[in-house]
Structure formats: C-alpha cells, structure tokens
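**Q** Each chain, written out:
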Amino acid sequence: MPPPNTPEEGVPAAVSSPPARARRSARNASISSVAATIGSETQGICVGSVGDLSSRTRPCVLPINYQELRYESEVDKSLECPICRTPFSVPITTKPCGHTFCSVCLLRAHQMRPVCPIDRRPLDIDRDFCKARVIHDQLDRLRVKCPSQGCDYVCPRELLAVHYERYCEGTPVPCPDNSCDLWIARHDATPDKGCLHKYTPCQYCSKQVMKAALEEHYDRECSGNTVKCAECDVDVVQHRMESHVVNDCPSTVVSCKWSSYGCGKKAPRRDIWAHEKKPCVYQAIGRLVKDREEDRLIISELRARLSTVEGRLRMSEKEKTERKERKRRQASSNVDNTENTIPAFVPDLNLSNSPRAAASYNNGTWDSPEDYMLAQFERMETQMEDLRKNIHELDGLHSMRLLNDTMRLNEQIAELGSKVGVIGMHTTWLMNVQRQSRGQQRAVGGVGSPLGAFASSSGGSGATSGATAGGVSDTLRNAPDNEGGRYYSSNMPPRRNSDGRGENPPRL
Amino acid sequence: MAPGAQFAAKRLGKELTKISKGLPAGIVLVQGDNFEEWLLDIQVLDSNPLYMGQTYRLKFKFGSSYPIEPPEVVFVKLPDRPIPIHPHIYSNGIICLDLLGQQGWSPVQNVESVCMSLQSMLTGNTKNERPPGDEEFVRGNRLRPKDIDFYYHDNNV
Chain A
1 MPPPNTPEEG VPAAVSSPPA RARRSARNAS ISSVAATIGS ETQGICVGSV
51 GDLSSRTRPC VLPINYQELR YESEVDKSLE CPICRTPFSV PITTKPCGHT
101 FCSVCLLRAH QMRPVCPIDR RPLDIDRDFC KARVIHDQLD RLRVKCPSQG
151 CDYVCPRELL AVHYERYCEG TPVPCPDNSC DLWIARHDAT PDKGCLHKYT
201 PCQYCSKQVM KAALEEHYDR ECSGNTVKCA ECDVDVVQHR MESHVVNDCP
251 STVVSCKWSS YGCGKKAPRR DIWAHEKKPC VYQAIGRLVK DREEDRLIIS
301 ELRARLSTVE GRLRMSEKEK TERKERKRRQ ASSNVDNTEN TIPAFVPDLN
351 LSNSPRAAAS YNNGTWDSPE DYMLAQFERM ETQMEDLRKN IHELDGLHSM
401 RLLNDTMRLN EQIAELGSKV GVIGMHTTWL MNVQRQSRGQ QRAVGGVGSP
451 LGAFASSSGG SGATSGATAG GVSDTLRNAP DNEGGRYYSS NMPPRRNSDG
501 RGENPPRL
Chain B
1 MAPGAQFAAK RLGKELTKIS KGLPAGIVLV QGDNFEEWLL DIQVLDSNPL
51 YMGQTYRLKF KFGSSYPIEP PEVVFVKLPD RPIPIHPHIY SNGIICLDLL
101 GQQGWSPVQN VESVCMSLQS MLTGNTKNER PPGDEEFVRG NRLRPKDIDF
151 YYHDNNV
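Protein chains in written order, with this note's numbering: chain A, 1 to 508; chain B, 1 to 157.
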C-alpha cells in the first residue's frame, strides 16, 4: 500500500487527463471519478464524503483522515484550506487565480458551482488545477500527532503514514473475525481474542457493552462496579482495586520512603505520610546520598571524557616527537630504518597476535593497547577517506572518458545509418529502372503489356517520393524489413564491411 | 451520521474555537452548543438612526453539507430583539441576500463573515421600509428560506 503522501503525484494527472470523450459526454461523471481517484489514492481522505470506498475494497488499516489530525504546534494560517479550515490535505491550486484548497474540498465545492470559491472565477475541472508542490513540502514538515488512540507518537507529516500503517500498535485494523466489518486497534486484533465487537453484559452493571470498550466503560460510565475499599472506606472501581491497595489505599501497611537509608518504620500509609512530612530523620541522609549518587555519576562521566582528551593529547605529542626524531635522523644519516622509527604508524591488521604491535606499546611508545588501537583506527579512517576520494576522482574520470567515447561512436553510427538509408534509396531506384527497362524489352518483344504498365507506374511513384520508396521496394522484393541496414539483404551483397573502428564510414 | 455531517461538524468546531478567541465588535455568540443551530446577536455600531441602540438576533441553521451549501440565516423576533427594518428583510425575519443563496454562497464564507455582511448591509441602508409585497409574502410563505426563489436585482444595499 503506498503511503498517502506519495500518490498525490497522481492527482493532477487525474484532474487534467481524463479522456476527451468522457470530458464532453458527462461532466458530472468525470468530476466524481476524479474525486474517487483522489479518494482512493490518498487512502480515502474523508472517505465518507467521497463515496463508500471502504466497503468495496477494504484497506488493511483504517485510512488516515488528514483533516482530523492534531498538530504539535499551531499551524500557520496560510497552510489552512479556506473551506475546511484545517491544514491542507493534497493541496491543489487553481491555475487562473492561484488559490489553494484541499483537493477534496475544492471538488466538493466545484460540484456545487464550477467557480473558484474565493473569487468566483469559472474553473474547468480538467484544465484549471495544478498541484501545489511548495505547499505540499511545507505540509510534509509539519509535526503531527499519531491519530491512533493511546499513541503519543509525534513525527513529521510525511513520515506519519509509515508509522501509522506499519508500526503503531493502536492503528485500527479490520476485525480478525471475517463476518465483522468494524475496526479494532492492532494490539487487540489477535485471532485468539476473537471479535471484540460483540456486545456482552457488563459484569457489574449488566449493561450491554462492546468487548473492546469494556475498559473505558468501567472507568467512565459503569455505575455498578464501584465498591467500598474494606480498609479505607473509599469508593473504588472494582477492577482497579488491586492497584488501589498497592498504590493509594491509606490503610495499607507500607514502609517509609527512606527505608533504604536506614529508616525502619513500617505503618499504614496515612501514618507514613505524616511520618514523612514530620520529617523522617533519615530524610536528610537520604537526600545527601541521592545527591552524592548524582555527583558520582557526573564525576565518572567527566573522568571518562578527561581520559579520552588526555589520550588524544598524548597521541598528538607522540606524533610530534616522532616527526622531530625522524627529521633529525634523516638529517644526520640517510639510513632508512622506518621499521624501528615509526612502528606505531604502520597499519597492522593482525594486531592481536602481532609481536610488533605488542612490542610497540610495551616498549613505551603507547601507554595502553587501547591508545595504540585508537591511533591505528584514526589512521585507518584517514586512509579510508583518502581512498574514498581517489575512488570518486577515478569514477568521475572514467565516466567522462566513457561519455566521450560513446559520443564519438554514436555520431558515427548515426552517420552510417543515414548513409545506409541513402544506399537503400539508390538501390530501389536502380531496381525500378531495371524492372522498367525489362518491361519495355518485353513490351517491345510483344509479350504482355499490363505487367509492364504496372511496373512502370509503381516505379514512377517509387522514384518520385523518397520516403515511400523504401516501402514499395520492400513489397516488391518480399523482404519485409524497414531497417535501413537491411536494404542490401538478399539479392545485393554489402559492398564493403567497415570493420576498422576509428576509420571513417565508407564514402558513397 | 450523514456522510458530510462529520465534515460540517469538523468545520463548525474550527469556527467555534476561532469565535471563542474573539469576534468583531457588535457580534456576540449567544448559543453554539451543537452543530445544527447557532444563535448570534448583532448590533449596528455607527449612528444610523434606523438601527441605533438595537440588538438583533440571528438564527443560523447548518445543513450536513455546510460549508459547501449555505446555512439558513434568519432574524428571530423576541420581545427585546426586533426584526430590523430593511428593504431586503421581510418582517418574518427572512433575508433576501444573494450571499445566502445557492448562487451567491461560497464555501470560504463562515458565520463571522455572514454576520459582518449583514452588519454592513444594515449600516448602508437609509430606507425605512420593508420589501415590496411584504405582507402577502409573510402571510402566504410556507417555504424554507433556502427554497424561496429570490430575484436579486438591487445592488445598492
């Protein structure tokens, strides 16, 4: 299923190009077809208004209604459709006056009166609309909330469809029961749960409630399911009792908030509240410990950062000294002994069991294997970068060369083609002349005149117009091929095969 | 719910939030708790002697295809809310205004813009009279305002 944002490409095409016949015969039909096209292609924005698309082919998720989306922040007024007053869905712009509307809104208004709703300029549904690309891009960037119930996901509008269709657990999908045509949230749509749209009596108030809405019913409207908590005398929703006892009930015996810091007090919650307010003597310690823990976290983080910085510093210093030493050595003697002078900078892929690597950090060049590895890694990264650059350069060079070569070849091929065409024409003409002369000979010999007349007439037409000559000669020679290269196929061998690649085409 | 009703409700909801942020001077929303019928009060703010100091009650009725189709707008007569005197307003509150007809309506119009149009229609009027044939019309008319075939001829007021 295509995401709703992409198929908008198809909208203006649908608007602008229904066949001309349909345009003339039934205007209303063409408008409704456009509306239907837009409706289906955009996953049925405002499905109900476009027509009952959902009943015909049921999509695998409930289509997003772009006009009902909620946005993270207030949307600029200039991005709102003047008809539905929501941010555009599938914006289209009128060509003569440049006003933008949602395609669905404009089509609905257009069905009523074929004019622009703002300045009443007459509009032709087939010609006068184009897509509003810039606005579309702006809309794509708006941050929008996922329309699924219970989902807090916020993302740019163009990515919403992917989240909604593929990942969101709250997306309404068709009920797993085939006989039921309602929608159910994806996390509830499991075959073992069955159809949750059957009405069951609420176990507390015996009202008929849909299974899927049972939780909501308990929380909101069910009157018969509240019971008095045996401990604290408060009305509690029955199936929330457990959590009430654990989290809220003032009579439950709990231990002090600071118990982990040494306070051993255990009492019913209401006493604990008072105890904590008093305050508990361990509160001070608890706070202190908490603060210290936070500090410790910060310290460890800082320490880690420091060690990396130090490592880097050391590395650069080492590099500097190495360079100096190398220069000095090169200056003093031209003995090439790189193996010993810069062991750390030789990329070594087999580090783990390489004696040289082990030696190089053990003999004091590097403090720890990690530093050594880091240096190697950075070195390799720069090398990779260099290689990448080289490859890019080569790539460019290559494609340039290829282009140059092919251009030359193409030119030659075109030239050859045209020459072959000319040869073909010449051949036809020659053959016609031959045939004509043969006919004349026969006529002179007193055999049959009608054939000669035919040949002469066809020969005349072939000679006069070059374009038709090929066709006529083809039918005469029984070689049904229009390609110029095949003109000398059966009865005339090619005069010359050009096999040298760089050589000029044969001159005629 | 009719297919378009959701569309209409959505749009009216939007208008309601906008109205709650403020309306132009002289326009007050009296009742707007459903998406079928709203009541608004309008006043003419300048010193036109015909309408000075008066408040008029407007009733908007929205169909399921609002805003594609126009709402039905009439003045309502109450003890303290008279029907304004105007050559295009019948004494039963029916308004003859092309903006509210099928032909003059545009879906970009809204409640606020209709109220402002009516305000300016009253402001610009100087004739202290009812439309011609007002009495017969009021006596005989059983049609809804949107079904009456008005002839919009007067472009002055």
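Read the hints as simulated data drawn from the structure, not as lab findings.
A portion of the hints provided could be inaccurate.
Straight line, CA to CA, 27 Å or less: simulated BS3-like cross-link-like pairs of lysine-lysine [stated by the list, open to error]: (1) A/Lys-207 - A/Lys-228; (2) B/Lys-61 - A/Lys-145; (3) A/Lys-145 - B/Lys-77; (4) A/Lys-290 - A/Lys-278; (5) B/Lys-18 - A/Lys-77; (6) B/Lys-127 - A/Lys-77; (7) B/Lys-59 - A/Lys-145; (8) B/Lys-10 - A/Lys-145.
Now the stretches of chain A that chain B is said to cover, found in silico as 3 or more residues with beta-carbon under 8 Å [stated by the list, open to error]: (9) 101 to 110; (10) 139 to 146; (11) 386 to 393.
Just so it is clear, CB atoms sit at the ideal spot from N, CA and C, and this is done for glycine as well.
**Q** Now look at each hint and say whether the structure bears it out.
**A** Evaluation of the provided hints:
no., hint, result
1, A/Lys-207 - A/Lys-228, "holds (21 Å)"
2, B/Lys-61 - A/Lys-145, "violated (33 Å)"
3, A/Lys-145 - B/Lys-77, "violated (46 Å)"
4, A/Lys-290 - A/Lys-278, "holds (20 Å)"
5, B/Lys-18 - A/Lys-77, "holds (12 Å)"
6, B/Lys-127 - A/Lys-77, "violated (40 Å)"
7, B/Lys-59 - A/Lys-145, "violated (36 Å)"
8, B/Lys-10 - A/Lys-145, "holds (18 Å)"
9, 101 to 110, "holds (count 3)"
10, 139 to 146, "violated (count 0)"
11, 386 to 393, "violated (count 0)"
In this structure, the earlier hints numbered 2, 3, 6, 7, 10, 11 are contradicted, and the remaining ones agree with it.
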